[in-house]
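If you're matching them up, the sequences are chains H and Y in order. Going by our numbering, the first sequence opens with residue -3, and the numbers climb by one from there. Going by our numbering, the second sequence opens with residue 5, and the numbers climb by one from there.
These are computed hints drawn from the structure, not numbers from a lab. Some hints here could point you the wrong way.
Distance windows between CB atoms, simulated [said to hold, decoys possible]:
1. F127(H) <-> I141(Y): 32 to 40 Å
2. V119(Y) <-> V126(H): 20 to 28 Å
3. I320(Y) <-> R24(H): 54 to 62 Å
4. R229(Y) <-> G33(H): 30 to 38 Å
5. F140(Y) <-> A144(H): 21 to 29 Å
6. L39(Y) <-> K154(H): 25 to 33 Å
7. R151(H) <-> L192(Y): 35 to 43 Å
8. L137(Y) <-> R24(H): 29 to 37 Å
9. D98(H) <-> A134(Y): 20 to 28 Å
10. M219(H) <-> I323(Y): 46 to 54 Å
11. I320(Y) <-> N50(H): 48 to 56 Å
12. L144(Y) <-> D49(H): 30 to 38 Å
13. L137(Y) <-> A260(H): 49 to 57 Å
Glycine is no exception: its CB is placed at the ideal position from the N, C-alpha and C atoms.
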Amino acid sequence: MTAMEQDVQPPSGADDTPLLKARGLVKRYGHLSALDGADFDLIRGEILAVIGDNGAGKSTLIKILSGAITPDEGTVELDGRPVRFTSPLDARRVGIETVYQDLAIAPALAVADNLFLGRELRRPGVLGSVFRMLDKKRMIEESRAHMAELKIGIRSMKQLVETLSGGQRQGVAVARSAAFAHHLVIMDEPTAALGVKETGMVLDLIRQVRDRGLSVILISHNMPNVFEVADRVHIQRLGRRVAVIKPHEFTMSDAVAIMTGAMAGERVTDEKIGDAG
Amino acid sequence: MTSTAAPVTDQPTDPARTMSMGRVVSATGPLLALLLAIVYFSLRSDRFLTGNTMSLIVQQTAVVGVLAIGQTIVILTGGIDLSCGLVMAFGNIMVTRLAVVSGVNPYLAIAIMLVFTMLFGLTNGMLVTALRLPPFIVTLGMYSIAFALTRIYGHQESVPNLPSEETWLGKSFKVGGTAVSYGSILMLGLFVIAWFVLRQTAAGRHVYAIGGNPEGARLSGIRTRRVLLCVYGTAGLLYGIAALLLVARTQVGDVNAGLTDNIESITAVVIGGTSLFGGRGTVIGTLIGALIVSTIRAGLTLTGVEPTYQVLITGILVISAVGVDQVARARSI
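Okay, chain Y solo, but in the shape it has when bound:
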């Protein structure tokens, strides 16, 4: 920290003026990018800006969106979760096998599965807090463990013929001719809850404080280990809910699930303007980030472009978002 010639007591600083260019871009950039994508594809195809296409985009965002909520709270604390998609895959196999192969009551199967995915999260949290291991390494290990357990437990086979109790989230209802799926509503509801907790409660403030200055948070009297454990546990629970949404969408228990969703959740968080260094970002940004990826995918499909271009564009967006964050951070320190 160098001594800046900033005004001290006599001239209070204007928050609007001290907001750096980078910070403005990282706050409004994602929304702008989403709107640009929507405008572009609307001009290219008249089938794009319809209720059903929009509803489909939201529906296709549900799985990655819910994963990305968990990913956001972990990244806000300065961590990262590389295991989320694989934990979801384990939940996906577990809930379907319990009901179809073992004949467990489907609701009980869902409850057991949610407990297990939460345990995966809590294990990550324990290793990060009690053993002080880096989250990157812990969750990289958990990635392999969840991947292997999914295959061992799943016997390398997919599970069809699911009970309707496990697939009703994929059903939809009509709003003025547009089909809206229950899964979309669940995802949006979870985003609202996450926004509320992060913005309106002390627990949320503590998540940001830990990400911004872990030692400072501890010295301020925040029980940082307990908060971190809660964050990783909640993330695990969210991965279980994402597993339910996946089951509802694909109607099958799939041992190969989750591999692309894993990375896409991080992509959504980063495009949404949340800093990988922790302490900075919003869950609304993450929702927009996830919607951007789905919008581009749907738009390219509708306009008949090779879908691989979506992957290319996503890559460019990720690097741009991290670049903007880096500039914003450099200015503010």
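So here's chain H without its partners, still in its complex pose:
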């Protein structure tokens, strides 16, 4: 087994236990409530988009799920077991990887260095244990295999990330998360600042990640992107989840109407999901 191979769960439509479940999340900043009793459910092997107006608590919710902040109240369960993250590293340790909007990559390092940043492979034997030498060859080989699997077209793993296009950089960041995630990948605005063609490439990549059996949480402002790629859409409004919709059952203007409060969200919420706890 290579370092990047993980025992990812196969996508199973039959299993209705949410992979990640949150109930009654509250986060206050002073007298302001960013989250006011928000619920959240993510099913295995799905792409769940999270949308909401500015100030709806979208990013606070995501930061709690990725371990960047801790909630004042509420519970989070992964695979039915309660979890509590105090840092992004805690979340990573249990198999939740996050692709940050401002890309956590080192520009002057090569693609392979970036894929393994913070989890470098060392040479076997004395060279690795005493001299702490990196196993560059193996890191490059595994990077190449992994990039090929996700169909990311970067020829040389020795290429510096700063010489890549925006879409390719996003590819590196997504590939890194997908490589090490056991359960799910959270992507924060992965198509922001990308051109049309590159956006298409990143959306394909998101599907590739799901098809490998991982779940994906996609935070995006871009409604056409959300409707193109998401299996379900979580709509956040005023610090709560107001609806979860399936893109083929609703229009984009419905989604916007729910987001802004012009349409009542509760009526359209999938009952089964809402009662999963």
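Assemble chain Y onto chain H, guided by the hints.
This is chain Y only, laid out in the frame that chain H set:
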């Protein structure tokens, strides 16, 4: 970041072609400049391209070279160390006074001094990481503190008559008629070690990652504070070793040492192509940068030119190097 029309999946980018002109210049420029200087002075003086002159240039690079290794790793993390030469001056006074005035065993004196210079570095590191103060300000303060402590502890007097244990690095051995000093060998050895750690170990990758994208490095699971503390501590240790090399060269404990070496270490790093913005550069570049400064100084002296011209040329080189880096950065973002 604007949306570039760069090829995506269908046409993989060629690394050689995407390498900007600026990046090529900053990678090969220093070596080219060194070779140019050597060729120029060889044509002007037939005493220049001899084993002894070359050996002397390397020997004269030793103190600034070792300081510049510490300076390089600090600058790679996106910091700067304005205190290095003064910390070295403190080490220089401490190791000599301990042995000559206080009668401490010279080897013990060396060990105590190295611990103290490392503590200076660790203090810089603590202030940068724990209090999140800018490295420029922290090390500017440490510059004054080290300067004052050197004078207070040194009682404004120089220390002559050093024990041989503290000066043997200045001695040399013959290689085919050319004298090579132990200090030169020590400096080159330290450069090799620094190259190895930066290029071949995870710790080295982390130094570059922190300089290139500090928040990204933290989110990637790198313990950035610990790495920074190690970097500043190692730099302090290197300044102590530089102090030993200085003692060996001058054969005296001097309270006025280190003032020009301080700036010259930054000069060497910058001429060597390391970016002052962090995350980009090599320690080999720094060695070449330090050699350029020594080569020009030795060459001008041999050809009978006013030595101040060396300072002038160094200034021009520093600004050129920073200019090239700026262009390279602008292209790559």
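Outcome of the hint check:
{"no.": "1", "hint": "F127(H) <-> I141(Y): 32 to 40 Å", "in the structure": "holds (37 Å)"}
{"no.": "2", "hint": "V119(Y) <-> V126(H): 20 to 28 Å", "in the structure": "holds (24 Å)"}
{"no.": "3", "hint": "I320(Y) <-> R24(H): 54 to 62 Å", "in the structure": "holds (58 Å)"}
{"no.": "4", "hint": "R229(Y) <-> G33(H): 30 to 38 Å", "in the structure": "holds (36 Å)"}
{"no.": "5", "hint": "F140(Y) <-> A144(H): 21 to 29 Å", "in the structure": "violated (45 Å)"}
{"no.": "6", "hint": "L39(Y) <-> K154(H): 25 to 33 Å", "in the structure": "holds (27 Å)"}
{"no.": "7", "hint": "R151(H) <-> L192(Y): 35 to 43 Å", "in the structure": "holds (37 Å)"}
{"no.": "8", "hint": "L137(Y) <-> R24(H): 29 to 37 Å", "in the structure": "holds (31 Å)"}
{"no.": "9", "hint": "D98(H) <-> A134(Y): 20 to 28 Å", "in the structure": "holds (25 Å)"}
{"no.": "10", "hint": "M219(H) <-> I323(Y): 46 to 54 Å", "in the structure": "holds (50 Å)"}
{"no.": "11", "hint": "I320(Y) <-> N50(H): 48 to 56 Å", "in the structure": "holds (51 Å)"}
{"no.": "12", "hint": "L144(Y) <-> D49(H): 30 to 38 Å", "in the structure": "violated (47 Å)"}
{"no.": "13", "hint": "L137(Y) <-> A260(H): 49 to 57 Å", "in the structure": "holds (52 Å)"}
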